Structures are given as structure tokens and as C-alpha cells.
Amino acid sequence: GAVVSQHPSRVICKSGTSVKIECRSLDFQATTMFWYRQFPKQSLMLMATSNEGSKATYEQGVEKDKFLINHASLTLSTLTVTSAHPEDSSFYICSARVSRGPRNTQYFGPGTRLTVL
Amino acid sequence: GESVGLHLPTLSVQEGDNSIINCAYSNSASDYFIWYKQESGKGPQFIIDIRSNMDKRQGQRVTVLLNKTVKHLSLQIAATQPGDSAVYFCAETPLYNQGGKLIFGQGTELSVKP
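Residue numbers (this note's numbering), protein chains in the order written: chain A, 16 to 132; chain B, 73 to 186.
You may find that some hints are simply not true.
Across the chosen pairs, the derived CB separations fall in these ranges [stated by the list, open to error]:
#1 G155/B - L83/A: 36 to 42 Å
#2 A96/B - S24/A: 32 to 38 Å
#3 T130/A - S183/B: 47 to 53 Å
#4 K81/A - M126/B: 20 to 26 Å
#5 S30/A - A101/B: 39 to 45 Å
#6 K79/A - N90/B: 31 to 37 Å
#7 K185/B - C28/A: 27 to 33 Å
Just so you know, these hints were derived from the structure itself, not from any lab. Every value quoted in this text rests on a predicted model; they were computed, and no experiment measured them. Beta carbons: idealized from backbone N, C-alpha and C, even for Gly.
The task is simple: from the sequences and hints, build the whole structure.
As C-alpha cells, this is what we get:
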């Protein structure tokens, strides 16, 4: 199956610093990637849709200036949490949509645990 | 709309028994459904999918049933094993939606007792 990686797997940072999370599709091209946020014991909440070569589309309530998304190539999307605060601590997960064929299947990365002190 | 944060319902089964996890979906226009398994601290893992022109699909030890009349989806796991312990999410999406958004259900935590 399609493999999606994320880096780093976990990060601890001080309040006010910025953190970059990478999402890569390893064996397929993904014109569309998605970024989710997940709190403990809760479902995945879509933050934004990342399209290669264009601006990301953010969900309602998600600050685009705080969560910067760049999709520079067909295999890489990055999420930068700017000026992180403790309330940004969460599990961030990316997914990549398989570009070939009609199926709207998304494959997920392993997630990044962000802890802001 | 998007899934709302709620405490996860739980299902506890004995090892070897069959498990049935249910999901009610919201959008009548959705025509493609996916079940994901998420183990603690990991990303969701694709299990099985089904299109709306089907009402049943089988995989290895798993079966997905779709009832479009009542907008209900279920995942059946045969001979449940300890390794099946995880949170299971259903997701819905329009099949040919180029936007590709998935709408996730709230999830069910499956606990398998040895």
C-alpha cells in the first residue's frame, strides 16, 4: 500500500518558537495532502487541504497565519506552527490522497506529537 | 460537517469472538466510505472501503456493511485478536470529489480481552 511518512515523530518546544512538520508520500505522487489535528480520545479534525503548487485551503476556525502550509512538490507538504503556545500541543497527522484513479482514498502518516512548554 | 470532539464509545470483546462496530454517517451525498484503524500514538491505517453501489464487502477477517436507507455503516471483525485493540473510525466522502475531504465519525475504541 501507499506509504506516508512524517518527521519528526515527536517534538517538544518552548512557547513562542516555531515548529515545522514534514509530510512525505514515499512511493506515490500526491497532488493533495491534508493536515489533521487530534486531541486525546477524540476524532481527527481537518485543519487544511494542501494542494501542490497552490495555496492551502483552511477549515473554518483554523488560523492560516499560525499554521503555515507549503506543498512544494508532489511528495512533500510541510506544516509550520508559528509562535507555538501550550494550547497548540496536540497530535498532528497528515494524509495524502492517491492521485491516480477515481478512488478518494487517503493514506495517513504516523503522526507528530507536539508538546509546547 | 466535521466530527465533533466527544469521548469515544468503547466496545469490549473476548478474544476469539466477533466484533461489530457501528457508524452512522451524515451526508446523503456521500458515496464512498472507509474504515480506519488507529493504534495508540499512531496514524490511522486503512482497513477496508466500500462504494455506495454495494451493500457488503469482505476483506481478510473484516466485513463492511452499508445500509444507505438509514445511513448506517458497520465493520465486522471475525475472531477478534488482541492485536485488533485500537480505535476504529469510519469516514465518508463523495467518490469523485476532487476536493477529497473525508468526514470522520467519532470513533469506537475496541478492547480485546485475552
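Okay, the hints, checked on the actual structure:
Here the CB-CB span from G155/B to L83/A is close to 38 Å, well matched to the stated 36 to 42 Å. Checked against the hint of 32 to 38 Å, the pair A96/B and S24/A passes, with Cβ atoms roughly 33 Å apart. About 27 Å separates the C-beta atoms of T130/A and S183/B, a value inconsistent with the hinted range of 47 to 53 Å. The beta-carbon spacing between K81/A and M126/B, approximately 42 Å, falls outside the hinted interval of 20 to 26 Å.
The hint said 39 to 45 Å for the Cβ distance between S30/A and A101/B, and at roughly 43 Å that hint holds. The hinted window of 31 to 37 Å between K79/A and N90/B is violated, with their beta carbons roughly 46 Å apart. Evaluation of the 27 to 33 Å hint for K185/B and C28/A yields a failure: the beta carbon distance comes to about 39 Å.
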